[in-house]
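Protein chains: 2
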Amino acid sequence: MKKKLQNVILKEMRYSKLFGKTVRDFPKEEVSTNAKLLIKAGFIDKLMAGSFTLLPLGFRVKEKIEQIVREEMDKTGANEMLMPLLHPKEIWNETGRWETAKEVMYQFKKENKEYALSFTHEEIVLDIIRKKISTYKDLPVKVYHFSTKFRDEPRAKSGILRGREFLMKDLYSVHLTAEDLDKYYWEVADAYLRVFKRLGFEVKIVEAAGGVFTDSHTHEFQVLCDQGEDTIYYCDCGSSCDCNFAENKEITTVKTGDKCPKCNDCKIKESKAIEVGNIFKFGTVYSEKMGVYVMDSSGKKVTVHFASYGIGITRLIGTLVELFHDDKGIIWPKVVAPYRMHLIGLQGAKADDLYKKLQDEGIEVLYDDRDVSAGQKFADADLIGIPVRLVISEKTAGKVEWKERSSDKTELISVEEAIKRPKA
Amino acid sequence: MKKKLQNVILKEMRYSKLFGKTVRDFPKEEVSTNAKLLIKAGFIDKLMAGSFTLLPLGFRVKEKIEQIVREEMDKTGANEMLMPLLHPKEIWNETGRWETAKEVMYQFKKENKEYALSFTHEEIVLDIIRKKISTYKDLPVKVYHFSTKFRDEPRAKSGILRGREFLMKDLYSVHLTAEDLDKYYWEVADAYLRVFKRLGFEVKIVEAAGGVFTDSHTHEFQVLCDQGEDTIYYCDCGSSCDCNFAENKEITTVKTGDKCPKCNDCKIKESKAIEVGNIFKFGTVYSEKMGVYVMDSSGKKVTVHFASYGIGITRLIGTLVELFHDDKGIIWPKVVAPYRMHLIGLQGAKADDLYKKLQDEGIEVLYDDRDVSAGQKFADADLIGIPVRLVISEKTAGKVEWKERSSDKTELISVEEAIKRPKA
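Just so you know, the protein sequences line up as chains E and Z, in that order. Quick note on numbering: our numbering labels position 111 of the first sequence as 111, and the sequence is numbered without any gaps. Quick note on numbering: our numbering labels position 17 of the second sequence as 17, and the sequence is numbered without any gaps.
With the rest of the complex left out, here is chain E (with noise of 0.2 Å):
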């Protein structure tokens, strides 16, 4: 049986034909690497400070990062459903959040009713959880989707790592007691430390402050990163040990060189970073003030304990250019590129065939089809990413040279190698 290959997306695709190609200039007023190159290579375009779309390129990279969430949100058991944006005022004002919340929330009055946008979603997923539970039977609960987020950010300067409309995974669990929701919250942050791991990132799991959302800590995932907004401290476990000490800034009493205060022997460091998830343990204080009760075995009413579990979608396609980038543009990891192949068709009736080749064998193709210069296609392959570039022309003579992004390596192999290789 023929090996599936996973995540791909077939569709299609000409460079002549698709929406979005690579501009001459970097954009001006951007200063963050993942705008200048996203918008340079085509991926995204911006609306207004904070706002972007996402344009073919970057949609697909988008899906792609989303499907790798959602097998691993699937893999804890959690449901898939899609809750609204526009949410009524009466909701917000059972937490208290209305007031607490209304520097970062877009709130709204029309024809005498009041709303707001999303910002984040336990009160309308407790709303739901509460009309739909009466027993213990009923629990747990664990439900997520792929949504968008309103904030209202004063320095939306980061490119997609903040914005003032973003996408994110936002996961929401019940439990009965306060020992199952800490055995599945464990296992949720098992499951983004694979999805980060995925991606290709190193992350650390981070104490932290609340915010708008809990007095309590939470846990951030914070991807080591010079450009990243935050800053963390961590013990810098060797092989010895791993005791994974790490607090974010806001909230640690450490500093560079001091000696970690739980395992007491390595030293601390610093680092830059970018959060790329949150995870959120509640317990029963949202569900309290919602009234989210169950009965339990004995007949007792109880008050349920909830926990939310966020990955922003849109700041990983940020991270991902951050990260993974040289002077040339992108280098998307396998995984998440918006294609497998990028090939550069110098002998036109050739590379067509090739091109149809690959797309019937199920493997995803950029081709780039256009009468422009050898010179400039090659430029775009770099500036776009894609993991691998094929050239056909006259001087491969019947092969194919095949070079990866991340190297400077050329080779020449046959066509039927260059069927085989993306699937070994």
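These are computed hints drawn from the structure, not numbers from a lab. A portion of the hints provided could be inaccurate.
One copy or any two copies: either way a pair holds, since identical chains are not told apart in the list.
As the list claims (entries may be wrong) - List time: in silico BS3-like cross-link candidates among lysine-lysine, alpha-carbon distance up to 30 Å:
(1) 11 / 21
(2) 377 / 301
(3) 357 / 423
(4) 113 / 102
(5) 334 / 75
(6) 113 / 89
(7) 197 / 11
(8) 75 / 21
(9) 40 / 131
(10) 113 / 157
(11) 409 / 357
With the hints as your guide, set chain Z onto chain E.
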């Protein structure tokens, strides 16, 4: 090679673990059949008038409808992308729609900046396009997205047929000439007809008024249905006539029984109908206002021709239910059913085994593994409306009972046959 099943979302699903089970009573405040059945069967939950959560079952139906629409849009050469939902006032001012569409748009101010929520995306897509195109060689542009629309609907009483917040596929195209636009416009109309045919609808293309979109007439895709909010008049073309005359009541001058003004032969019929799609030929009106130009082959600056094309995705879910149900519940067409099979296990181990086999074969199954009565399981299966019900019990004696939702006939077949049949 094994036959590949189309449009399959393969996820583990035991009904005991599903969030959003059937509820005992019809929701009292709902008047529409679609809302009553979808809420009772656990497909949707209402947040407020005109705003619904798609629970896991409803989410799957949405995914399947979107995939059908996506395939047909892709066939026309369109590129999928994703545009933002929160828009700056400035862009809506360019066409004057900040004022003319005030009633339907959600508009608000925060920190001295004025915003609108997406009630449609013409202005947004033209803003992107004008940045990206410069010569006639960049045309045509054909882009679409699936996204959320917000419209302030005073009469949100038709369940998910009319929402304040709803999902839509909207496609936009830009062309050098009116002729090229016209050609693509009817290509998309054909693609729409293919979509609706795959969903099992009888659809009329109806001439109608353009509302806040255009002063010209537009074409609506209307599904004949007594529960529709629209009234249409159409030529009762039999096999002898294919004049396809059809007009919305808003604009027509004909009435029931009139002679058709187009073929001058058949009689005019009246019907209630649900508008499931709408296509708009704007010509150069919007492009002129927004300054969307290209250089033609002679170096002359010309205004581009523009059209947009919408299909209401959540509305399609409601339409399907209005058309396909009986007094026991929903009867989903195979192509959009949340699952292909509803397996009822009344003999634990054997049902577990069949469930696993079906999953391994790539067949979607909802497995009712609950410890409740056979009667309740049967009633829930009828309510949920999955095309095929399979029962394994002591009575089936090693075989499987196969029953289609649309028929009363039951059959005893072998396990092998139960696996083979859905692939036939």
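Verification of the hints:
no.: 1; hint: 11 / 21; result: within (17 Å within a copy, 36 Å between copies)
no.: 2; hint: 377 / 301; result: between (67 Å within a copy, 28 Å between copies)
no.: 3; hint: 357 / 423; result: both (14 Å within a copy, 27 Å between copies)
no.: 4; hint: 113 / 102; result: both (17 Å within a copy, 16 Å between copies)
no.: 5; hint: 334 / 75; result: both (22 Å within a copy, 27 Å between copies)
no.: 6; hint: 113 / 89; result: both (8 Å within a copy, 21 Å between copies)
no.: 7; hint: 197 / 11; result: both (27 Å within a copy, 23 Å between copies)
no.: 8; hint: 75 / 21; result: between (37 Å within a copy, 21 Å between copies)
no.: 9; hint: 40 / 131; result: between (48 Å within a copy, 12 Å between copies)
no.: 10; hint: 113 / 157; result: between (33 Å within a copy, 17 Å between copies)
no.: 11; hint: 409 / 357; result: within (24 Å within a copy, 47 Å between copies)
In this structure, none of the earlier numbered hints is contradicted; all agree with it.
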